[in-house]
Structure formats: structure tokens, C-alpha cells
Amino acid sequence: MRWAIGAALVVAMLAFGLGVYHTAGVLKAGGKVVHRPNEVSAPPLPGTMYVVQGGAIFRFQHGSFTQVTAEDGWMQPAARPGDNQLVAVRRQTNSSDLFLLTTGGKQVVQLTRNSRPGPAEGNHWSFYPRFSADGATLFYDYDPKSGFNNYQVDLAIYASPSNPDSRGSLQWTHPNDYTGGDVYPVPLRGGGLIYVKYSIDDSFKVHSQIWLQKRAGTSGQALTQPELGCTQPALSPDESLIAMVCSGGSNQTAELDVATFDPTTLTLGSPATLVSGQLVASPVFSPDGKTIAYLAPSTPGGQFQLWTAGSSGPASVRNITTDLGLDSTSPPVWIGG
Amino acid sequence: MVAFGFVLAGLGGLGAYFLPVFQTAANSTTIGSGALPHLNPVTGPTQPFTVLLLGSDDDSKFMPDRLNTQSMILMRIDPESKQATMLSIPRDLWVPIPNVGYGKISTAYQMGGAQGAIAAVESNFKVHVDDYVWIGLNGLVNLINRLGGVNVQVTNPVMDDFYPSDLNSAGNPYDYYRVAVLPGATHLDGVHALQYVRSRHGDVRGDFARSERQQQLLLSIKAQASHLNVADLPTLASAFNGEIKSSIGVDRLRPLLSIANDFNGSNIHRVVLVPPYTSEGFAAGQSVVFPDWAQILPLVHQTFP
Numbered sequence: 001m002r003w004a005i006g007a008a009l010v011v012a013m014l015a016f017g018l019g020v021y022h023t024a025g026v027l028k029a030g031g032k033v034v035h036r037p038n039e040v041s042a043p044p045l046p047g048t049m050y051v052v053q054g055g056a057i058f059r060f061q062h063g064s065f066t067q068v069t070a071e072d073g074w075m076q077p078a079a080r081p082g083d084n085q086l087v088a089v090r091r092q093t094n095s096s097d098l099f100l101l102t103t104g105g106k107q108v109v110q111l112t113r114n115s116r117p118g119p120a121e122g123n124h125w126s127f128y129p130r131f132s133a134d135g136a137t138l139f140y141d142y143d144p145k146s147g148f149n150n151y152q153v154d155l156a157i158y159a160s161p162s163n164p165d166s167r168g169s170l171q172w173t174h175p176n177d178y179t180g181g182d183v184y185p186v187p188l189r190g191g192g193l194i195y196v197k198y199s200i201d202d203s204f205k206v207h208s209q210i211w212l213q214k215r216a217g218t219s220g221q222a223l224t225q226p227e228l229g230c231t232q233p234a235l236s237p238d239e240s241l242i243a244m245v246c247s248g249g250s251n252q253t254a255e256l257d258v259a260t261f262d263p264t265t266l267t268l269g270s271p272a273t274l275v276s277g278q279l280v281a282s283p284v285f286s287p288d289g290k291t292i293a294y295l296a297p298s299t300p301g302g303q304f305q306l307w308t309a310g311s312s313g314p315a316s317v318r319n320i321t322t323d324l325g326l327d328s329t330s331p332p333v334w335i336g337g
Numbered sequence: 338m339v340a341f342g343f344v345l346a347g348l349g350g351l352g353a354y355f356l357p358v359f360q361t362a363a364n365s366t367t368i369g370s371g372a373l374p375h376l377n378p379v380t381g382p383t384q385p386f387t388v389l390l391l392g393s394d395d396d397s398k399f400m401p402d403r404l405n406t407q408s409m410i411l412m413r414i415d416p417e418s419k420q421a422t423m424l425s426i427p428r429d430l431w432v433p434i435p436n437v438g439y440g441k442i443s444t445a446y447q448m449g450g451a452q453g454a455i456a457a458v459e460s461n462f463k464v465h466v467d468d469y470v471w472i473g474l475n476g477l478v479n480l481i482n483r484l485g486g487v488n489v490q491v492t493n494p495v496m497d498d499f500y501p502s503d504l505n506s507a508g509n510p511y512d513y514y515r516v517a518v519l520p521g522a523t524h525l526d527g528v529h530a531l532q533y534v535r536s537r538h539g540d541v542r543g544d545f546a547r548s549e550r551q552q553q554l555l556l557s558i559k560a561q562a563s564h565l566n567v568a569d570l571p572t573l574a575s576a577f578n579g580e581i582k583s584s585i586g587v588d589r590l591r592p593l594l595s596i597a598n599d600f601n602g603s604n605i606h607r608v609v610l611v612p613p614y615t616s617e618g619f620a621a622g623q624s625v626v627f628p629d630w631a632q633i634l635p636l637v638h639q640t641f642p
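Those sequence lines, one after another, are chains A and B. My numbering numbers the first residue of the first sequence as 1 and each following residue consecutively. My numbering numbers the first residue of the second sequence as 338 and each following residue consecutively.
Just chain B, same shape as in the assembly (with noise of 0.2 Å):
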């Protein structure tokens, strides 16, 4: 009897401690799955696929249903070559948006949800979207604390005097301050990973530099990881929150991991659409991105047939 209380009351403190991925389970937003990570050993996927990586400014001065996504990052991955590819869509890229018109790509998001930005770079881009993740900015930098922090390498000195300072919803969401983030390899913690990605006005590049900046995040989360195991999960998974959805449930997760450590740097592929693949300019009173389809589908169709 005292044995079997004693064995209760362990089982009863690996359950706490597992409780978030019971509810992340519970409440994730996958297509057609709900379950646990299976702890047998596991395959990964073998076929290609595409995921389209989202990431949305979803601080207090936007409504939780109208929230552009300011990162929009499609992700070839091909298990059995090896290779990935990144491909960083301008957020201001002028398209037509399914059942809406014209407009930035960004607002396919607010418009239509997950659903509305798979679909407004489907009709654009002529792929075929398998699975959405989209993320929060808490989200990241929970993610990213969550992991460890993660290495970068800062290319040149990221300077911003008005970067927003809207991540704690108690202040002023309108309130901004200084950014200096030094060149070099360095370990950044959530907050100022975020700094160095969403950071854009002291670059001459501008959005194009924060978007190379996005894709360099992901090859160091990625990098971090390769390092989790099913011990991880759950701390990782507090970290959701409702701060990052995806159709990817914490099922498929696990076999996603065990391909990770199968790409590095040398065999992701990165394409930023900067000039000449895209032209900056003006429509409708906004500054938008204009695309070179000429120059952007014969691009795109060489890795997201």
C-alpha cells in the first residue's frame, strides 16, 4: 500500500511536469490529429513537402482577428535529397488576393486567416502549400528562451532608434526605444533575437534585410532544435500558448525532429526576392513591393515544383 502511494505519487509528478504537452495536444489546432507523441522510435517523413512559416506583429494595436503577417517564409523540404529551400516573401508584395483584389500580401492573413495566406501564395507563386506555422511575436520569444537562447552571427550592426516597444501589452503599444545589436557571433536570448529580426530601419535593405536576418533565425532555431528530445517537450510546449499555431500537431513533431539534424547551413538553400526579382514602388497611396513574375516563377519552380 505505502509502495503503490509512493509509486502515485512519482507517476503524479511526471504528469505535472508533462501536463503542458497534454494540453498542448488537447488544444492544438492540427488537421486531423490530437494525439501524444509516440515515445517508440519513429520514421520520418520520406516525401517532400512545403510549409509556409508566418509571423505576425500581434502586439495590442491590432485586433487578434486582423493581424497582417509581417514574415512570410516558404519552406521546401526534401528528406530524401536532403536538401531545403527558404524562400522569403516581401510582406508587401502587391498581388491578387483570392476573393478579395489587390492588395499586400501580407493582408491575406487578416483576411482570410492561415487559410487566406496559403491561399493568396498558392495562386501567386503556382505551389502547393502542405502545412502552415505561424507564430506570435511572444511566441518567438518564448520559443527562443524556451530553447536556450540561440547563436547567431550579426552580420553588421543592426541600429534602430524607433524600434516598437509593444511586446509587454501593459504599456503603451505605440511606445518605442533604442536598438543596437553588435556585429559578431552571439547568443541571444528571445528578446533580442526578435530585435535582430524584426528590426528594419537603420538598413539600407530594409525589409529585404530583415527578412535574410528571418531566414538566418530560423537556421539557428533550427540548429537548437536538433538538440530536443521527447524530455524537452514540455516546457517547449508552455511556450505555445495559443502564440504559435500550426496544422503540424505535436504528433508529427517528433518525426520532424528526427530529420532535423539531416540539414545544416550547406544544404538549405536561401532566396530573398530583392531587386531585380522585385521592384519597390507605389499603389494605391501605399509603398509596395512590385514582383517580376518573368524572373520569379522560373526561380520558385526550380525548387517548389
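The shape of chain A in the complex, shown without the other chains (with noise of 0.2 Å):
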């Protein structure tokens, strides 16, 4: 019986010991644990919105996320007007695709086929799906290979019809030279196309302008000055506003701007800075329009949370999620119903 006992006080030190390891360790993590999206609740946003995190499309809805796609690669997913579909992009180690999911993240169709046997540089990238507004043109970022120099990879942004047993894209934007390319198509309900365009100065500074190109293969128009360092714009419903992060020509800070546009004259008004402070990525407009949601950090150096801001301010910024870890490269898909 003594020895029973004795045995038990023993398992219970070591236990005990186990257990201080292990509550030293959960200190030290703090506030760092990443929660998946559909284990936590957020507050109540108007409509569905879609968002990304680790390789997984979630839901939200109600002040709840569901997922939709399972943790496979999946990113950049955006909707497709006039039903109950989306694009989106699944990433792979060396190539990405473009696919039509339902709203349920089941898959329609592949629309594109970028993975090639052999060697690394056969393969090829599509990114940042974006429909028209009438949903019969599909634009997306695809890398034209240089045939005079392997190490050039471009972006350009491409469209083609919407129907994927249709054949024919056609290259809408032409980049500067190693730059990295033209990113983030925004098409506008007239036909033209809003994106972003980045230079490399003489004294070798980068530049990030929103760009407008009225048709498919013409130089275009720049709608921000380069000093501004602006990009990923985002269109308000009624397309009179344009939401856009800028940077100012730093590395360290990036605010969410918003300036009125006029789709007659495609014009842009001086940008006004609703946020600033944080480390801003991928603004989207709600559908009334009256709402920005965007990505940023809570804390300097966290993993990015779910925000939201009234889109003529002054800002009224409200945090939604807290322990996150959105993929900020995956603008929020924000639509009605």
C-alpha cells in the first residue's frame, strides 16, 4: 500500500513538472495563438463576405465563418455576377489556376491549366480573378514568359470570355520590364479597366500608381501621382469612390485613401486618408457602399484581422476579428444577401 502510494506521489511530480514546461510555454505564447475562422464568432456584418486564410476559403455570415474549401491552396477568390459563383485561385508550389466554385466551394470548372511536366520555368501563374461587372469577361493576372531572357516573369493582366469552353485571351496591359508586372484588375462598368502599374526610377526607387486603360492593349493613364505610392484599389458599387492603400514611397507604413472618381470623365479626386497608423491591405467596399472592410494587423507584427471603416469619414474604425490569421493578399469578397 506504501509503495502505491509512494508511486502515485511520483507520477504526480513528474506530471506536475510536465505541466509547468508546458504553462511556461502557453505564457510565453501570449496573445499569438491563430484561431481558424470558423472557431470563432465576430460581430454581425451586413451581407456574405468571403476571406482567406491558411489556403482555405471561410464564409461569413451572421457574425459566423464557415469553410468552404478545404486548406488546399486556395486564395484570391472574388464573385461572379449574377449567380451563385466563384472565381478563385488554387496555388501550388510552382504554377496557379483559376477555378469556377460554387458558393458552397465546390468546384465547376478549372478555367485554367498553368502546370507543366519538366522544368520549373514551364509552368506559368494566374492570379487576382476579377469578372466584368455584366460577368461575360473574365480579367486575371497570367506571366507571358519573355522569349529573350528566362529571368524576365512579368505579371500582365489578361481577359477572356467568361464561358470556359471558350477559347481566346487577350493581353489587355503591357509592364514595365522586371518590375514584377501590372497586378489587381478592377474593370469598370463602361468597359475600361482599373489596376496598378509599378515602375523602377533611375535611382532605382519603386513606384505603384493606379492605372487606367480605356482598352485592351493602349499605354493608359495614371490616376495617382508615383510619389503617392498607391495600389490595390478597390471601386465603391456606384463607382464614384476608389479605396486604395498608399504608402507614400515607404516600405514601413501603408493607409487606406479613398478619393472620388468619375467614371464619365475617369478622373480621380485627391486622396483623403480614412486610415492611418496600421499596416493596411486589400480594402473592398460593402455593397451599399457606405462600408470599407480591409486587413491589417491588431498589434505591430501580428497576423492580419478583419477591420472595417465607414467609407466617408471621418473614420469610425471598427475591429472584427482579433485572433486570426487572414491572408492578406486575398482581398475580402464582400456581396448582398
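Calculated directly from the structure, the hints in this document are not laboratory data.
Cβ pair distances, simulated, as ranges:
| # | chain 1 | residue 1 | chain 2 | residue 2 | range |
| --- | --- | --- | --- | --- | --- |
| 1 | A | S276 | B | S418 | 23 to 29 Å |
| 2 | A | A12 | B | S418 | 52 to 58 Å |
| 3 | A | G248 | B | P613 | 21 to 27 Å |
| 4 | B | S418 | A | G277 | 20 to 26 Å |
| 5 | A | A12 | B | G508 | 42 to 48 Å |
| 6 | B | K398 | A | G277 | 42 to 48 Å |
| 7 | A | S276 | B | P613 | 33 to 39 Å |
| 8 | A | D288 | B | G579 | 54 to 60 Å |
| 9 | A | N84 | B | E617 | 50 to 56 Å |
| 10 | B | A621 | A | N319 | 53 to 59 Å |
| 11 | A | E71 | B | S418 | 44 to 50 Å |
| 12 | A | S276 | B | T380 | 31 to 37 Å |
| 13 | A | G336 | B | D526 | 32 to 38 Å |
| 14 | A | V10 | B | R403 | 48 to 54 Å |
In this text, all values refer to a predicted model and were calculated from it rather than measured experimentally. We put the beta carbon where it would ideally sit given N, CA and C, even for glycine.
Work from the hints to combine the two standalone chains into their complex.
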């Protein structure tokens, strides 16, 4: 009997020591624990939103998240107007492809086939899919290869009929060489395209500008000055506002700016800052255009969370999530219903 | 007796948790110190000091004692004025290397280790280097992962079809894969942060671009490290494992951490020796970067007296 009590005490002591070890680790981790979205609840937002974390797409509705795809390289979903479908990127090591999905995450059709056997450089990327307002055209990024230098990999924006059975993609933009390319297509209802163009000046400084092109293959025009360093444009549903992330040429700041846009004259007003002091990424407008959702860390160095701000200042910034790790290169999709 | 047993078990658990700190302190290449971190409040340094940050590709393509430094960043920190300067030295800078002759400055480490790299920098840039930190590929990856990742603002797409697949020692170190780091503010783990600062093929600025990104990553690491406390050191120390070497011992880390919050992007002056400070050319059959010392030295001496 005594022997048994002694053994039990030794086991209890060992368990206590193990507990101390684990407690030390947990205390050290502090608030850095990242949850999967479907493990948390958040203040409800009107309509339906899709966000990405860990290679999976999640639907956010009525204050709770539902996982709609497996954690399998999914990113950058976008809504297809007029029906219950999404287009999204599925990224693998050397390539990425576009897929049409149901809003429940079921694959409808694979739109691109960029994976190639053989050397890695034979593969292609597709990113940033975005349907035109009528749903008839799909804009996206693709990396056409240079015939002269294997090292040149610049993304260009293409457009193709959204009918997956049809053939024929049209290269819309021609990026500046060795800048990484043109990204982030935002189709206009009138047929033009807003996107982000990069340039590198003689002093090796990188500039990003919101660019506008009326037709495929034309040179287009800058909507923002190079020194503003603006990127990631989002267009309000009535096309009267553009939200964007501007750095002022710094690679340490990223503020949320908004400017009026005149879709008839295709001119942009002076940007006004809505949110500063945060590392802002990937803004989108709410279906009624009154609110902007964006992604930013809650703490310096922290993972990206979902935030909202009123689209017409003064900003009413609201932290929607606190302990997720959202993919900041995938803008939230915010639709009605 | 029973209470003593539980106390002993608890101390054992704590000891196991902090074991990496003890090991790191014991294995540290610290000059003149192998002490454990002091747990009492510390006073940060007050005098300016200069640190040479070195980064090497240390995969199996290279003999462990024949490494070059793909990254060399000279850093001056002035705790009093709360000003810091980061100066990136092009790896292909064609300079006289003490006791060797002309060569790329990246080879100085191969010839004489950290002291060789320090000597090459001191003799060419006419500065005094107080300390060095060397880090290998996996060291950087592990360090960032242990910090919980870093936030960086990717300034433009970083595209590379020939990114070396050499982190895993079991694979073919000459293999490669494709990289696409998409622009915008993002949270990167160690592997993706390394891709961001190591890729150079798809950028018109080549090595200068990654020098700028390396400085940017250092600021991000500093931002993360400023949240560290002594309880973080065990997991951080376990990332070292020979992949980080420094003349700064664990005992001196706490004072340095204590001043980390004094520095942010606005008071850290960043310099990359792009043209006209340098020009690209060929020497001894190699593609090299020629320094224009008449322009470089006045710039350096503004902040590295």
C-alpha cells in the first residue's frame, strides 16, 4: 500500500513538472494564438463575406465563419455577378490556376491549366481573377514568358470570355520590364480597367500607381502620382469612390485612402486618408458602398485581421476579428444577401 | 518531503523549458562572456556602436568553412541620439581584401571568417566595427518562425523562376523552384521572408533590390523582437543551433532589447550603395560592382565616424 502511494506521488510530481513546462510555453505564447475562422465568432456585418486563411476560403455570415473549401492553396476569391459562383485561385508550388466554384466551395470547372511537366520555368501563374460587371469577361493576371530572357517574369493582365468553353485570351496590359508586372485588375462598368502599374526610376526607387486603361493594349493613364505609392484599388458599387492603400513611397507604412472617381471623365480626386497608423491591405466596399472592409494587424507584427471603416470620413474604425491569420493578399469578397 | 518533491518537479519543468538558453550561453561565440541573461532590470548601452550583419548561403553546395556572405549590412546605433543607420554593402563590390588581394567583398568571409569580413569592411570603408552577427539560411528561417513571422509591405511583385531549392539538405541543392511574392502588406513566415529577401532574378535592380528588401526585413524583425522578453529566449535560442553566430552573447541581448523600442522606421537611416556610388562592370572575368570611393566615403563618414 505504501509502495503504491509512493509511486502515485512520483507520477503526480512528474505530471506537475510537465505541466510547469507546458505552462511556461503557453505563457510565453501570450496572445499570439491564431484560430481558424470557424472556431471564432465576430460582430455580424450586413451581407455575406468571403475571406481566406491558410489556403482555405471561409464564408462570413451572421457573425460566424463557415469553411467552404479545404486548406489546399485557395486564395483571391471573387464573386461572379448574376449567379451563385465564385472564381478563385488555387496555388501550388510552381503554378497557380483559376477555378469556378459554387459558393459552397464545390469545383464547377478549372479555367486555366498552368501546370507543366518538366522544368519549373515552364509553369505559369494566374492571380487576381475579377469578373466584369456583366459577368461576361474574366480579367486576371498571367505571366507571359519573355522570348529573350528566362529571368524576366512580369505579370500582365489578361481578359477572356467568362464562358470556360470558349477560347481566346487577350493581353490587356504591357508591364514595365523587370518590375514584377501589372496587378490587381478592377473592371469598370463602362468597359475600361483600373489596375496597379509598377515602375522603377533611375535611382532604383519603386513606384506603384493606380492606372486606368480604356481598351486592351493601349498605354493608359496614371490616376495617382508615383510619389503617393498607391496600390490595391477597390471601386465602390456606384463607381463614385476608389479606396486604395498608399504608402507615400515608404515600405514601412500602408494607409487607407479614398478618393472620388468620375467614371464619365475617368478622373480621380485627391486622396483623403481614412486610416493611418496601421499596415492596411486589400480594401473592399460593402454592397451599399457606405463601409470599407480591409485587413490589417491588430498589433505590430501580428497576423492580419478583418476591420471596417466608414467610406466617408471621419473614419469609424471597427476591429471585427482579433485572433485570425487572414491572407492579406486575398481581398475579402463582400456581396449582398 | 512531498512538497519538496513537487517543488523539485516544478523546477525541473522550468529548467527543461529554459534549457536552450543554458545551451546557447554555453555554446555562444561570445567574446569574453558566456553568462546567462540577468533577470534583474537592465540598463541599455549609451555609447554608439557598429555591428556588421552577415548572411550566407550555407546549403550543401558550399563547404561549411568556405562560405561567402551574400548579404553584408553595416549598422550604426546611437542610443543617445536614438539614430541608427543601415548601410548595405554590395556582395560583388570589388575591393582589396587584406592579406588576399583584390576580390569581391563577399569572399572575405570565406578567406578569414567573420574577422576577415570585418577587416575587409574596416579597411575599405575606414570604419571601426564593434561586433558582428552572422546568420545562415535556416537560421534566418527559424528565427523568423520563432518570432511568429514578420509583417512586411511587399513593394512590388517579386517574381523568380530560378529560386534555389536548397533549404532541405536532403535534396539536390542545385534544384530550383518558382517564387511569386505578391505585393502589399503581408505576414510572412520564415521560408517566404527568405524568398522575399533572397530573390533577385526578376528585378531590374538585381542585388540592389534584395539589399533594400533585406534592410526592410531587418526592421520587421526588429519590430517583432521588440516584443521579446526573457521568457521568449528559450524558443528563440533553440533556433540558433549554429545557424546564428555572433560576438554578442546572450548576456548582452537583454540590454540591446531594452533599447529596441527607441528605434523605428523614422529614425533608422537606410543606405543602399546604388549608382552613382557604384557601377557594374567586369574584373578578373567576373561580373563585379566597382565602388566610387570619392562618393562613398563622405557618405559613410556622415554616420560611421
